[in-house]
Amino acid sequence: MRPAGEQTPGARLVARIEEYSSRTGRTVRLMEVCGTHTMVAFRSGLRSLLPERVALISGPGCPVCVTPNGYIDAAIELSRLPAVTIATFGDLVRVPGSGSSLERERANGAIVEVVYSPTDALALARADPSRSVVFLAVGFETTVPGIAVAVRTARDEGADNFMILSALKTMPGPMRALAGGGEVAIDGFVCPGHVSVITGASVFAFLAEEFRIPCVVTGFEDLDLLKGVAMLLAQVAEGRSEVEIEYTRAVGMEGNRVAQQVMAEVFEPCDSEWRGLGTIPGSGLALRERFAAHDAAGRFGLEVRSAPPASGCRCGDVLRGVLTPPQCPLFDRACTPATPVGPCMVSSEGACAAFWRYGRRPA
Amino acid sequence: MTSPRMRSDRVLLGHGGGGLLTKELIESVILPVLDNPLLHPLDDAAILTVGEGLLAFTTDSYVVSPLFFPGGDIGKLCVCGTVNDLAVKGAEPLWMSLGLVLEEGLPMADLEKVIRSIGTTAREAGIQVVTGDTKVVEKGRCDGLYVNTAGIGRVLGADSPASFGSLGPQSIRPGDAIIVNGFLGDHGMAVMARRSGISFEPELVSDCAPLWDLVRTMLASGASVHAMRDLTRGGLAAALCDLAEASGLGMRVSETALPVRPAVRGACDLLGFEPMAVANEGKIVVFCPAAAAPRALEALRGHPLGRSAAVIGEVIAKPRGMALLVTRIGGERIIDMPPGETLPRIC
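Chains A and B are the protein sequences, given in the same order.
Sequential numbering from 1 applies to the first sequence in the numbering used here.
Sequential numbering from 1001 applies to the second sequence in the numbering used here.
Next comes chain B alone, as it looks inside the complex (with noise of 0.2 Å):
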């Protein structure tokens, strides 16, 4: 593998960005000295065969400011963010570790609030946490409070000939329909319109949210499913580069399609973002071949999280590794990998 020098001699924010910037840091960081097989894919968790069965494992960290969002707090999107990374490799989740380092000074409520809000949503998404670790850090030395997390789940059907073990991007074929499971962007844009101060109406909220049942429900649908991914930082932009890249293959996506928000809308417009580029917490984007569509989106629909579940394009043999827009005036584009630093600590 070629390894790229860096291009910069410090770590800058946009390396955390989830676009250009950290690709860019994993591949000439990272990977030259880490890499393995397991690890090489660098999918949203990693599958390992034990015994007769497959596991999926994965580690998240979070960092979000401020702590608490309309939608959602740092507690309930660490328990999202691990048990949708697994749900996404057609794995159960079962267990989760949780790592808080704490800054000093740190109000016992907020913890004590956040730790409920980790209860609530790990009882709800079916995923215990089994063990478990606590730093306390000087004054100013964090923000609050950092959390990280890892989680194994049970790939289903692991030992039948249906394995969900071949989801991804390898499976993606031409002719297979995309589709998300409702609005593009409003985690992104709830957290940012927070933090920014600026309140808009109706109020931007968090579609934190976790996965497992939904994706779980879309798959004993018998609909035959290639691919999952979680759309988190970067949004569907992010995901759908990085399938094309790592499928080989095109997809075309329709802008009239995509299920946004008009508030959403009117938000990234006036802070100078694209929604399909703004982070979600509760969405993932399916690969299907086309005439199981229906059947996914049927099953989707049928879900409290999947009411708004859309068609949005199709995947193409040409061009290769490139993601198009057709857009509302008819015009067709590229879909670009958002580059760096957007919206830091939305997650």
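Same shape as in the complex, but just chain A (with noise of 0.2 Å):
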């Protein structure tokens, strides 16, 4: 037990908060752009206890409600063709597409697999070389590197039957775009944490310095949560614009070399279409040609179409932070996480879910 009188961490920074939120004298308006974030500041209660001039709006980091309907339907195309096992995270499989989803083939009879890293698909591919599996790559720099190794792997090993759909994805280029959109007024970015651990904290140099914003690369504890929040607003308060490091225990200003390395070795950057975002130039990763024979997409002659979203579904708003999820005609009517009409709404990691269970307002 603490001595009475004595302050929790958690009560010392929200009175930092509330003293530099006071000093600012304005509503501050920061956007944590991953989702891991986004489900943090809900499931800890964080919410809860900011100041109401401080305003967090969830951004474009939930890889799985970033991924475009387009992508969806190719993944379930895939699913239909006979021999082929998809291999994915669970969060995909109940993302509607255009006219279906991965669980509703499931139920018709497809094969999909969850998996909980690309190792274990390419185990699947190994333990029946006479089914093509199919690895819906799907993610940020935080997960491009093992799936680069696994591909690595299976090309040493000549595992042809294992093959990615990539629709993987850096964070910079969307940042650049909502730094610059004008859509948004954003006073600090609350960045992404494991996607730093691998690109190191340098990649936002350029928000803080062409565009004046607040950066803070933050952790993902309740208490690591709130102290980027408190350094963002002194940073706000005191007019400052700088790249700072919340999670130092694991992020550096150069980031992971192995494995920036590995990435560059299996993937190039490529055009990439964004839920929400429309295709920005050079933020998706695509094999290499030397890896080919790993990509889905080639080895089945399918092109990746644009779809548009479902009917009525505001997803892409949220993603550019401009709607907040109960502002979406469908929130918690026709959408819900047991009827998810957008990707939003499914994902662990996505603000509309985040939403839905931790912030309706009790009756």
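It should be emphasised that the hints constitute simulated quantities derived from the structure, not laboratory data.
Hints should not be assumed to be uniformly reliable.
[To be verified] Here's a subset of chain B near chain A, in silico, CB distances under 10 Å, partners left out:
id, residue
1, 1008
2, 1011
3, 1012
4, 1029
5, 1194
6, 1197
7, 1201
8, 1202
9, 1203
10, 1270
11, 1271
12, 1272
13, 1325
14, 1329
15, 1330
[To be verified] Covered stretches of chain A, going by a simulated chain B footprint (3 or more residues, C-beta under 8 Å):
id, stretch
16, 44-53
17, 97-111
In this text the structure is predicted, and so the values were computed from the model without any measurement.
Glycine is no exception: its CB is placed at the ideal position from the N, C-alpha and C atoms.
Join the two chains, each given in its own frame, into one complex according to the hints.
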């Protein structure tokens, strides 16, 4: 037990946030780019502790959410082919595409396996060479190195029945688009901690220098996030715009060189479509030519086409921070976690799911 | 009753998750045809008046994969599940049925091991297998072995004014203490770890255990208990949401008071689960007046299956039908009903 009168670390940080907030004297809008931060903010009850004039808005950092409908449709098309096993992280199974979802395809007989890592998908391919195992490669810099290693291992082993369908993306592109877009005034970025472990915090320098937006690379414990918010408010109150690191136990300015090398060896930048943000040049990752044997789209002659989102779905606006989930006409009506219309309601990191699960107002 | 139309034209795995989709399935497909006053409460067991006495009657099916996991197997699980559904209605477990669906090719040694496990657990729990059925299906038509059971128990104290027949959500009152008898999430994470091939140090072990003796000890202590629920699929989160809705009251629990083993917390972090929403097979949540809580807690802690029992929160008048969590950093948020397929075939 703590002696009476002594503040908990959380209470001390909340007091600092309140102090900086009153010094700024205005509403401060901070964007947490990463879906994990969104979930932590809700699950930890942190949002209920922030002053009214500090707004946390969710950004485009939930990998499942920013994956466009056309990709889901392509994955569904693949799942219907004979002798194809789809291997995927769990969230993607329930995301609705244009007419179906992998969950429904599975109920109709498709083989869709939920895996926890690309290595598990490779193991499925090894275990049954008669089937093509397509891993749905969705995610950011955090997950790319692991997928790169799996692809490289498959090539070295000659496991040609292991393939990926890449919708891999990199984070700086959309943050530039949001900072320069002028649609939402962003006073600070809570920068993604896991991405930064790989890339280093320096990839966000342009935001502080070019756009004068404070950035703090933040960890994922409740106290990390409180401290990250306090550090951002301090920058705002003091008129600074720098890249600071709250998550010092894992992140440096330079990142993980080995991981960066394996990424560059296997993947090359490509244009990529983001739900809500459109196609952002150079923001995606495609397999390099020498790994073409592991590219499912190429092997099956599949074209990932652009497809419109479900009617009425405003996930795109949510991902740009233009709309909060409860402002969407479908929220908690047609669209709930049991009957999701868009990916932000499905993903465990989605802003709509977070709002629905933790943020509805008590009656 | 309104019967919402099912929003899927096929059964999905999530319909078996014990969460929102299961609820939708029951409310839109089953109840419109089969509803009656005894079924309607959709509680762990139905309470039947037979002569002067009250009987509790329950059924369950077991499809856990793998059949054998650290801390138990499908045999032990099916007895514990049956016994616990009766125990939380204040009923002494007496008789159970055993329906086996076997897959052609199942190793006889596996079947023998499961049956021995049923025998041992049934003896320990004081319940007798008195009727049964065996079916075999072609290879590939089921995954080794499925079990269905039904259980019958005698509600204790049914002939006295302090009948346990009134145990249930309707008896929960604002101000009631909320108690659990130990660590949350052990069963779900043990099965999940075994299935995913990820090993944890120390090993995660299922908490699978028959709880009648524990419940009887607590009831015999004289602590007046309003309701109990065993924590299975959906864990504590599902139980609290369910009971909040059924009682029309609010539940407020404190994150720092929840007993969770560090290994389970770590595994949950890694795999993206909330300990509170992960299945147990040897845990109950108990509701009793705050004044009775110390006595109930003492009785629970005096039993081997309740050593880590803890008061985790209280029942509040508002918000109605909602469960809230006071977080580690002092914030407050909703506890949500787990939506659907989080961990299929956990029991």
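Results for each hint:
1. Hint status for residue 1008 (chain B): holds, given a least beta-carbon distance of 7 Å to chain A, under 10 Å.
2. Taken as an interface hint, residue 1011 (chain B) checks out: its beta carbon lies about 7 Å from the nearest beta carbon of chain A, inside 10 Å.
3. The restraint placing residue 1012 (chain B) at the interface with chain A holds, with a minimum CB-CB distance near 6 Å, inside the 10 Å limit.
4. Violation of the interface hint for residue 1029 (chain B) is found here, the shortest Cβ-Cβ separation to chain A being roughly 15 Å, above the 10 Å cut-off.
5. At its closest, the beta carbon of residue 1194 (chain B) sits 14 Å from a beta carbon of chain A; the interface hint therefore is violated under the 10 Å criterion.
6. Because the beta carbon of residue 1197 (chain B) sits about 8 Å from the nearest beta carbon in chain A, less than 10 Å, this interface hint is met.
7. The beta carbon of residue 1201 (chain B) is not positioned within 10 Å of any beta carbon in chain A (closest approach about 18 Å), and the interface hint is therefore violated.
8. The closest approach between the C-beta of residue 1202 (chain B) and any C-beta of chain A is roughly 21 Å, which is over the 10 Å cut-off, so the hint fails.
9. A cut of 10 Å between beta carbons decides the hint on residue 1203 (chain B): the least distance to chain A is about 19 Å, and the hint is violated.
10. Evaluation of the residue 1270 (chain B) hint against chain A yields a held restraint, the C-beta minimum of about 9 Å falling below 10 Å.
11. A cut of 10 Å between beta carbons decides the hint on residue 1271 (chain B): the least distance to chain A is about 7 Å, and the hint holds.
12. The restraint placing residue 1272 (chain B) at the interface with chain A holds, with a minimum CB-CB distance near 6 Å, inside the 10 Å limit.
13. Contact between residue 1325 (chain B) and chain A, as hinted, is supported at the beta carbon level, the nearest pair being about 7 Å apart and thus within 10 Å.
14. Below 10 Å, beta-carbon pairs count as interface contacts, and residue 1329 (chain B) has one with chain A at about 3 Å; its hint therefore holds.
15. A distance limit of 10 Å between C-beta atoms decides the matter here; for residue 1330 (chain B) the minimum to chain A is near 6 Å, and the interface restraint holds.
16. Three residues within the 8 Å Cβ limit are the bar, and the stretch 44-53 of chain A against chain B gives 6, so the coverage statement holds.
17. With 5 residues having a beta carbon nearer than 8 Å to a beta carbon of chain B, the stretch 97-111 of chain A meets the requirement of three or more and the stated coverage holds.
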